[in-house]
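Colleague: Protein chains in written order, with this note's numbering: chain A, 3 to 104; chain B, 3 to 178; chain C, 83 to 202; chain D, 64 to 467.
Derived by calculation from the structure, the hints in this document are not laboratory data.
Treat the hints with care, as some may be off.
Result set (DSBU-like, lysine-lysine): computed pairs, CA atoms no more than 35 Å apart in a straight line [claimed, not checked]: (1) K145(D) - K195(C); (2) K122(C) - K430(D); (3) K117(C) - K430(D); (4) K122(C) - K145(D); (5) K145(D) - K113(D); (6) K202(C) - K113(D); (7) K196(C) - K215(D); (8) K430(D) - K116(C).
Remember, it's a predicted structure, so these values are computed and weren't measured experimentally.
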Amino acid sequence: MVPLWMYLVVSAALFSIGTFTVLSRRNGVAVLMGVELMLNAVNINIVAFWRYTAPTEVNGLAFAAFIFVIAAAEAAVGLAIIITVYRNRHSVIPEEADLLRG
Amino acid sequence: MADVSFSIALAFVIFSVISLGGALGVALNRNLFRGTIWLMVSLFGAAGLYVLLSAPFLAAVQILVYIGAIAILFTFAVMLTRSLTQVRERFTRVWANLVVAVLLFVLLIIGIIWPVWGSNPDLAQPVSDVVVSTTDLGVALVDRNGFVLPFEVASLLLTAAMIGAIVIAREADDEV
Amino acid sequence: MDVLNQWAFVGVFLLLAPIFPALPIGAATLLRPKKPNVLKSQTYECGVETVGDTWVQFRVQYYIYGLVFLVFDVEMVLLFPWAVAYNQLDMFAFGAGFLFIFLLADALIYAWKKDVLVWK
Amino acid sequence: MECVGLCEFVTSLGVSDMGLALFLGYLIGVLLVSGVPLVTVIFLIWIERKIAARIQDRIGPNRVGPFGLLQTVADLLKLLAKEDITPAAADRLLYNAAPIVSFASVVLIWAVIPIAPGFVGVDLDIGALYFVAVASLGTLAIMTAGWASNNKYALLGAFRVVALLVSYEIPLVFALVIPVMLAGSMSMVDIINAQSHMWFIFMAPVAMLMFAISSQAETGRAPFDLIEAESELIAGFNIEYSGMKFGMFFAAEFLHVFTNGILIAVLFMGGYLGLFYQFPLLGFLWLGLKGGLVYFVFLWVRNTVPRMRIDQVMRFNWFFLVPVSILNVILTALVLKLLQVWGIAPVNLAESSLLGVLPMTVILLLKDILMILFILGRISQEGRRARLDAERAHEQLLTAAAGD
Numbered sequence: 003m004v005p006l007w008m009y010l011v012v013s014a015a016l017f018s019i020g021t022f023t024v025l026s027r028r029n030g031v032a033v034l035m036g037v038e039l040m041l042n043a044v045n046i047n048i049v050a051f052w053r054y055t056a057p058t059e060v061n062g063l064a065f066a067a068f069i070f071v072i073a074a075a076e077a078a079v080g081l082a083i084i085i086t087v088y089r090n091r092h093s094v095i096p097e098e099a100d101l102l103r104g
Numbered sequence: 003m004a005d006v007s008f009s010i011a012l013a014f015v016i017f018s019v020i021s022l023g024g025a026l027g028v029a030l031n032r033n034l035f036r037g038t039i040w041l042m043v044s045l046f047g048a049a050g051l052y053v054l055l056s057a058p059f060l061a062a063v064q065i066l067v068y069i070g071a072i073a074i075l076f077t078f079a080v081m082l083t084r085s086l087t088q089v090r091e092r093f094t095r096v097w098a099n100l101v102v103a104v105l106l107f108v109l110l111i112i113g114i115i116w117p118v119w120g121s122n123p124d125l126a127q128p129v130s131d132v133v134v135s136t137t138d139l140g141v142a143l144v145d146r147n148g149f150v151l152p153f154e155v156a157s158l159l160l161t162a163a164m165i166g167a168i169v170i171a172r173e174a175d176d177e178v
Numbered sequence: 083m084d085v086l087n088q089w090a091f092v093g094v095f096l097l098l099a100p101i102f103p104a105l106p107i108g109a110a111t112l113l114r115p116k117k118p119n120v121l122k123s124q125t126y127e128c129g130v131e132t133v134g135d136t137w138v139q140f141r142v143q144y145y146i147y148g149l150v151f152l153v154f155d156v157e158m159v160l161l162f163p164w165a166v167a168y169n170q171l172d173m174f175a176f177g178a179g180f181l182f183i184f185l186l187a188d189a190l191i192y193a194w195k196k197d198v199l200v201w202k
Numbered sequence: 064m065e066c067v068g069l070c071e072f073v074t075s076l077g078v079s080d081m082g083l084a085l086f087l088g089y090l091i092g093v094l095l096v097s098g099v100p101l102v103t104v105i106f107l108i109w110i111e112r113k114i115a116a117r118i119q120d121r122i123g124p125n126r127v128g129p130f131g132l133l134q135t136v137a138d139l140l141k142l143l144a145k146e147d148i149t150p151a152a153a154d155r156l157l158y159n160a161a162p163i164v165s166f167a168s169v170v171l172i173w174a175v176i177p178i179a180p181g182f183v184g185v186d187l188d189i190g191a192l193y194f195v196a197v198a199s200l201g202t203l204a205i206m207t208a209g210w211a212s213n214n215k216y217a218l219l220g221a222f223r224v225v226a227l228l229v230s231y232e233i234p235l236v237f238a239l240v241i242p243v244m245l246a247g248s249m250s251m252v253d254i255i256n257a258q259s260h261m262w263f264i265f266m267a268p269v270a271m272l273m274f275a276i277s278s279q280a281e282t283g284r285a286p287f288d289l290i291e292a293e294s295e296l297i298a299g300f301n302i303e304y305s306g307m308k309f310g311m312f313f314a315a316e317f318l319h320v321f322t323n324g325i326l327i328a329v330l331f332m333g334g335y336l337g338l339f340y341q342f343p344l345l346g347f348l349w350l351g352l353k354g355g356l357v358y359f360v361f362l363w364v365r366n367t368v369p370r371m372r373i374d375q376v377m378r379f380n381w382f383f384l385v386p387v388s389i390l391n392v393i394l395t396a397l398v399l400k401l402l403q404v405w406g407i408a409p410v411n412l413a414e415s416s417l418l419g420v421l422p423m424t425v426i427l428l429l430k431d432i433l434m435i436l437f438i439l440g441r442i443s444q445e446g447r448r449a450r451l452d453a454e455r456a457h458e459q460l461l462t463a464a465a466g467d
């Protein structure tokens, strides 16, 4: 079998790429894609730990399943907000949505 | 047994490359629709990793939820928010962010992963080949002492997300 | 091991499946005539020359269909394990599943009331 | 990992390397399993055209070969020799990938379909979820085709199709929950075994109807054929496709319809079960008969029903199919659990007997019939109200006209 740390390295790399996407892209949709990548990296981590340390317990699987729910909710609401901001301000760049700034 | 470990390692490498390559595609591609496709490639690779980790249920769910639904949602959003003049998107502070990301990666590796788990010989192999089944997951999800509360809260979260997103998006529709 | 054995089959299938449609397309590439010209490779919009950008604006309606679908799709993540284990569970499990579906049905009813699911 | 079945066969041919033998074994297995759909699709096109012709009082293809059987071969040759135009504005990579993914997604479904006893590609624990997941790849392929063509009509067509497909996937998946719940497993073989005493069509006819209707919509057949609403969308998402690539979309659709027929046969009609099904050839025949029957009904509907407007299609889904399928899941779960608690229904259907499953079948069937009656009552009520409203409005119009 592949040792656990290899999965962790892949997951860390995925997380870093996700971070880079979130930080460097100016388009809100692309930023959300980065967030999806990061959530996915987290999920790989959880499943890997579950498989290697407690495969007979159901916790890891359940946790990963709930993360799917959260990722979906995040994408749904996040994209809806971006669409609204775009319709109102004709911009998809998160920093330009500053109506609430004092 | 040697053959088996070799094919598993090979599959691991292939799926890791697919996953990371797709992620790089997302990060570097300037065309958002292609970015969505790259995201799906990446998540497909992750689904392969789930299979290798003996969680085929999660792999199928990954394909179903991400490629079946979230991809569609992203493409819709890309079409709905396309900038009228520029198709290609810009980046900000690429080099600084690249340094941050690489630093994060290196820190994660040498700071946490290698010292804690890499040097631990116990974790080179899974502790057991027995893996819980989808049935066990189903039992635990509605068990009084298990996950029944998160189970219902998840439903509530989805309901809230759906209503919230409809409210937000509907207002946008009224504007036009 | 047994599980991975099965999925190795799926993996091989996954490798081969794109080849079946790619083969005839590839064969066609070799056999077919190839005489492109400017007129042929224009975008086909009823003979009239294309006006403006292809990426026309779309209504939010589409997004809402996708959104409702996503929510129900994710619900399946938790509902399928429930259905698989259903025969081993007691009445309490039915109550839990019922509440789960009922809460989501609420969202559907909300969408009905707001008329967002009607194609306009 | 032990070397059994096809792998053993490969070893007997003289391949000594274990890993290679395993791989070759899988390779032969995949070719065998995927051979079934690939061979059938060639005949399907002929069958479909023949049936459509007969329904429309024509003869159909009858020139090439006996009964026109070689018509598909002639079509194939024509497609091979046809010029294939890629529009200059297209995204070439995605444009070429879309038809391949579209066809592959349908072929991949066959990995989990038990074709005959002991002859199944792979009996995954999550078979039912696998085929839904794989089929959803096709939706993305259509979206990609529409976008990559870089054509307004293609993109608009793709958007409408995808909105339709995702909408109808909800009742499809909800209907799928019922057989999974009854069998207590997502594995296709387990689902078939659970029907060894009574087919699920008798326990859950509503679920089967839901599944069939949404399958018809998923494949874009009339009355849901907005995918190819030629008169409105000039062919929709595949407008820019020509030659073999168009042929692939076409073949994928034909194969998908037949695959759905087979899936219904497996999920609701006992798959390969039947008289003397233990002989693989007979089991295969039974599955083919049942699947063919469902396939014929699909074609029959396609050729007799007119196309619905897109707002009607959406309305039908969101205000009828989705609520009914949700209600169906809840009611079936309730009745099933009550029956199990009272000891009327066996927990394990496969190990029960005909007498053991008969009472629960009767009650579940009764529940479904009551549900259908209730729904029909609601529909007629709504219809009456709508008619009365229209009449009243008409009368008001008349009195207003008389008052002037």
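Colleague: All the hints need checking, so say for each whether the structure fits it.
Modeller: Here is what the structure says about each hint:
1. At most 35 Å may separate the alpha-carbon atoms for a hinted pair to count; K145(D) and K195(C) exceed this at roughly 52 Å.
2. For the proposed pair K122(C) and K430(D), the alpha carbon gap of about 60 Å is over 35 Å, so the pair is violated.
3. A threshold of 35 Å between alpha carbons decides the hint, and for K117(C) with K430(D) the separation of about 64 Å lies outside it, so the pair is violated.
4. Of the supplied pair hints, the one linking K122(C) and K145(D) holds, its CA atoms being roughly 14 Å apart against a limit of 35 Å.
5. Restraint check for K145(D) and K113(D): the C-alpha separation of about 24 Å stays at or below 35 Å, so the hint holds.
6. Proposed proximity of K202(C) and K113(D) is contradicted: the alpha carbons are some 38 Å apart, above 35 Å.
7. This hinted pair checks out: K196(C) and K215(D) have alpha carbons roughly 30 Å apart, not beyond 35 Å.
8. As the CA atoms of K430(D) and K116(C) are separated by approximately 62 Å, the hinted pair breaks the 35 Å bound.
Violated hints, listed in ascending order, are 1, 2, 3, 6 and 8; each of the other numbered hints is respected by the structure.
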